[in-house]
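Engineer: Residue-level listing of the chains:
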Amino acid sequence: MLSDLLLILPEEILSVGALALMMAAAWTGDRAAPALTWLAVLILAVAAAFLPGVRDPGGTAFGGLFIADSFAAFAKIVIFAGAAVAMLAAMSWFGRDRDYRAEYPVLILFSAIGMAMMVSASDLLTLYVGLELQSLAAYVLASFQRSDARSAEAGLKYFVLGALASGILLYGISLLYGFTGTTLFGGIAAALGDGISTGELFGIVFVFAGLAFKISAVPFHMWTPDVYEGAPTPVTAFFASAPKVAAMALLVRVAVEAMGPALNEWRQIVIFAALASTILGGVAAIGQTNIKRLLAYSSINNVGFALVGLAAAGPAGVASVLFYMTVYVAMTLGAFLVVLRMRDADGQPVEAIASLAGLSRIRPGLALAMAIFMFSLAGIPPLFGFWPKFLVFNAAVAADLTWLAAVAIATSVIGAFYYIMIVKLMYFDEPAPAFAETREPVGAGLILVSALFVSPLGYLLIPALDRATLAAAAALF
Amino acid sequence: MGDFPILSAILALPLLGAAACLLTGATLARWIALAATLATLTLSAGLWLTYQVGGPQWQFTEYLPLFGRFGWALGIDGIALMLIVLTAFLMPICIAASWQAIGRRVPEYMACFLLMETLMLGVFMAQDIFLFYVFFEAGLIPMYLIIGIWGGGNRIYAAYKFFLYTLLGSVLMLVAMLWMVNFAGGETSIPVLMATDFPVEAQPWLWLAFFASFAVKMPMWPVHTWLPDAHVEAPTAGSVILAGVLLKMGGYGFVRFSLPMFPEASAQLIWIIFGLSMVAVVYTSLVALVQQDMKKLIAYSSVAHMAFVTIGLFAFNRQGIEGGLIVMLSHGLVSGALFLCVGVVYDRLHSREIEKYGGLSNNMPVYALLFMVFTMASVGLPGTSGFVGEFLALVGGYRANSWVAAVATTGIILGAAYMLLLYWRVAFGTARTAEAAAMPDLSKREIAILAPIAAAVLWMGIYPESFMRPMRGDVAWLLTRIERAAPTGDAAVTPGRPPAGAPHHGEAAAPAGEGAHH
Chain A
0 MLSDLLLILP EEILSVGALA LMMAAAWTGD RAAPALTWLA VLILAVAAAF LPGVRDPGGT
60 AFGGLFIADS FAAFAKIVIF AGAAVAMLAA MSWFGRDRDY RAEYPVLILF SAIGMAMMVS
120 ASDLLTLYVG LELQSLAAYV LASFQRSDAR SAEAGLKYFV LGALASGILL YGISLLYGFT
180 GTTLFGGIAA ALGDGISTGE LFGIVFVFAG LAFKISAVPF HMWTPDVYEG APTPVTAFFA
240 SAPKVAAMAL LVRVAVEAMG PALNEWRQIV IFAALASTIL GGVAAIGQTN IKRLLAYSSI
300 NNVGFALVGL AAAGPAGVAS VLFYMTVYVA MTLGAFLVVL RMRDADGQPV EAIASLAGLS
360 RIRPGLALAM AIFMFSLAGI PPLFGFWPKF LVFNAAVAAD LTWLAAVAIA TSVIGAFYYI
420 MIVKLMYFDE PAPAFAETRE PVGAGLILVS ALFVSPLGYL LIPALDRATL AAAAALF
Chain B
0 MGDFPILSAI LALPLLGAAA CLLTGATLAR WIALAATLAT LTLSAGLWLT YQVGGPQWQF
60 TEYLPLFGRF GWALGIDGIA LMLIVLTAFL MPICIAASWQ AIGRRVPEYM ACFLLMETLM
120 LGVFMAQDIF LFYVFFEAGL IPMYLIIGIW GGGNRIYAAY KFFLYTLLGS VLMLVAMLWM
180 VNFAGGETSI PVLMATDFPV EAQPWLWLAF FASFAVKMPM WPVHTWLPDA HVEAPTAGSV
240 ILAGVLLKMG GYGFVRFSLP MFPEASAQLI WIIFGLSMVA VVYTSLVALV QQDMKKLIAY
300 SSVAHMAFVT IGLFAFNRQG IEGGLIVMLS HGLVSGALFL CVGVVYDRLH SREIEKYGGL
360 SNNMPVYALL FMVFTMASVG LPGTSGFVGE FLALVGGYRA NSWVAAVATT GIILGAAYML
420 LLYWRVAFGT ARTAEAAAMP DLSKREIAIL APIAAAVLWM GIYPESFMRP MRGDVAWLLT
480 RIERAAPTGD AAVTPGRPPA GAPHHGEAAA PAGEGAHH
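Residue numbers (numbering that gives the first Met the number 0), protein chains in the order written: chain A, 0 to 476; chain B, 0 to 517.
The following block holds chain A by itself, in its conformation from the complex:
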């Protein structure tokens, strides 16, 4: 029992910390919100420091319901980092309108617990509980700006469609349980190992459909642009980063650990979702006029590329997915941090893409950072965004899916079009009305760090990240 509790130490720290912060928030009110945010970041850091599976092999807890291996540890580090950045970015953004409330960091912490459960789930029920915990916090976050109709709409939309997806997922879970007699990943794999019945196949399809919703892969992506556009920008930044990593890691674990024997069955689903996402994410983004919608399609596009790595399966494929999501989080958060700086002269947030015009003349540093993120998202070397794409394609080629790599890489050119369109706006066009001057040292620092990470300097991190992702992937096999 004690060893079980030690294995979930990070989750315990987060839970106790989040509850304590909630109490503190209730007593101190919103004045202490910034201090609570910093405390929440500290809690995340402490939780990360006690992660099992980083140096030790980790282990399973509660009779196999929960697993803390190096795969979970790697995903959790990325998730906690993404959550921390999303919190810090929100502080100054909301703070200006005096509507930043102390519940914000608490909700993110709750969501982080859910995400940690998701990536550590080795049982369909743990999976579901983690997913719902994360989602419920996210629904509230989406409608965090109560006075804003768009925010409320986004929250409602997210909730209704999320509930639908949960239903689909639960249906798949019940089918799998019915036909295999267990909810443990290992047990399901053993049952699938001796032939796959029609009922099991349906279960697999429904589970994948439910999870595809969470990673917003085509054709379950419809909610993404609307929710990303309506939610407050820092919340959107959060949605695009940590929960994506958690859902993707969860999908990888389910696919490999629970459904490994059904590889040929789910590979078709993943390949379809991957190509549909890269194509639709590229084509649909071209006509957008709102930067948040554009980044929503960009995230759909990126998820498609990560799925190419999953389609490759095998340790190299899994490692490439983890690598992809790590770099993706940095690029996306960086781009959103720049968007968070966009305010007109009255201090109102601006979301029109056109308002970026001529940014390089007015704010050269900000424009350079945005250009780095855009070229990186497009996967143009020597920026670091190229490397994860390289890895997923490499994994696909090594898995004898050369055609998939060739088609997927060709679709990346479609995506490149709208990324370079942003660069064109910032560098080639005449300046639009200037943004208000902002002094946000935290935001600026975070932009600098993420820009440096995706700059060519990031290539120096390849050996370390390679080692970490391969070790994490090895835990699944």
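Hints in this document: simulated from the structure, not taken from any laboratory. Wrong hints could be hidden among the right ones.
Unchecked claim - Derived Cβ-Cβ restraints for the label pairs, each shown as a range:
{"no.": "1", "chain 1": "B", "residue 1": "Leu63", "chain 2": "A", "residue 2": "Leu135", "range": "43 to 53 Å"}
{"no.": "2", "chain 1": "B", "residue 1": "Glu186", "chain 2": "A", "residue 2": "Leu447", "range": "53 to 63 Å"}
{"no.": "3", "chain 1": "B", "residue 1": "Gly184", "chain 2": "A", "residue 2": "Pro260", "range": "25 to 35 Å"}
{"no.": "4", "chain 1": "A", "residue 1": "Ala48", "chain 2": "B", "residue 2": "Asn181", "range": "47 to 57 Å"}
{"no.": "5", "chain 1": "A", "residue 1": "Pro218", "chain 2": "B", "residue 2": "Glu186", "range": "36 to 46 Å"}
{"no.": "6", "chain 1": "B", "residue 1": "Tyr462", "chain 2": "A", "residue 2": "Ala443", "range": "25 to 35 Å"}
{"no.": "7", "chain 1": "A", "residue 1": "Ala435", "chain 2": "B", "residue 2": "Pro190", "range": "54 to 64 Å"}
{"no.": "8", "chain 1": "B", "residue 1": "Tyr462", "chain 2": "A", "residue 2": "Leu447", "range": "31 to 41 Å"}
{"no.": "9", "chain 1": "A", "residue 1": "Pro218", "chain 2": "B", "residue 2": "Leu42", "range": "55 to 65 Å"}
{"no.": "10", "chain 1": "B", "residue 1": "Pro190", "chain 2": "A", "residue 2": "Arg360", "range": "45 to 55 Å"}
{"no.": "11", "chain 1": "A", "residue 1": "Leu451", "chain 2": "B", "residue 2": "Ser465", "range": "42 to 52 Å"}
{"no.": "12", "chain 1": "A", "residue 1": "Ala443", "chain 2": "B", "residue 2": "Arg431", "range": "50 to 60 Å"}
{"no.": "13", "chain 1": "A", "residue 1": "Gln347", "chain 2": "B", "residue 2": "Arg103", "range": "52 to 62 Å"}
The C-beta atom is built at its ideal place from N, Cα and C for all residues, glycine as well.
Given chain A, work out where chain B should sit, using these hints.
Structural biologist: Okay, now just chain B, sitting in the frame of chain A:
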């Protein structure tokens, strides 16, 4: 040179210059850029002087396993050396040509150019296949900015077209590279891969993937359409870099990858190269003939000249390959110089319309003289660099396929037609506009830009041995790689069957033999 990492130093110099440019004002940025490019040129000249002809195939090699799956592997052979020298030679000229023509956002402009120089040199130095890809692709970013920010009226369309065309071309190459490295067991070194025999049935696919990339870069008909747009809209120095160096990456790619790595596929698919090159020579020359825009005319002539390169490189014999390489070097100098010549008059009149000029030999004699040297070199007049390359390429092409050589030769005639027509309409006769008649002759800066290129063009024309000597060993190595697949040409001299018994006046053949004597 000892252990001094001279190649890394050559790459670092422009990069440091670029960073420094961004931190300063316009005037200082110009001087920094000039100093950085001149220093790079000096180091590159040192490279040329210390390169041991007949020494090891790969010299000045450096290796650092920095990036896990691929390394910082640099090294050059003779072919790369000549292209590096060409690049380093053109860069200070580009900076000097932009001295006054570029008036806004000068620090960023200079930074883009210096970054471009690093990336182009990196392409020629890379000894690791993925490092090559990174440099090859990365060049898109600064060139996109150069065309888009400092270009002409239709710059945005041209910038998009340039970027997306070349990107689409090269992504397939990446997949082929991944396949090859997987096949070779994770080996990423270009020299090792060049000596690897890939399965014959996979070669055509790989070859086509590389071809997609290099044909766009080259550019070959029909994927050349980005080039006229990009050339017309780019600032003068941008055009020089495009024509002078960027286009050479296509030819370099064919020599470095397509030929030695896939000799069988190269031989099988030679009809694609020859067919497209023949169309390019005739078609783009005819298109050039009717252009009203000087830059467009030179851009189309570039496509035609590049077709000589492909014909030569794929001739599978020494003359052809050496000829193709010399055409690459020569075209780099000549088309660059022609764009500079256009830039000179554009700076004065702000028009590229041929109709606006005329009679420039009256008021701009020095300009007319230099322009003529480059025109003649472009036509391929003996004594200029153009002749050496095109002659060799045609000789090689003839040995491979006489029809190809016959069609390609018409390109020389058409080339003479459009270039002489251009020169005649611009330099001779009387000025068509008063502004053209009032243009002053070349300034000292402009002479300093054009004269070195003219000297190099004549040097290459009169004593090409200086340029061919470093490349000879590498061409020989390439020939040993590809000779097993070389297709037999139709123009080889086959010993005729002499009338039987003719020399001996044998009995049976006597009537025929007798007949021959009468």
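Engineer: If you check each hint against the structure, which ones fail?
Structural biologist: 2, 4, 6, 8, 13
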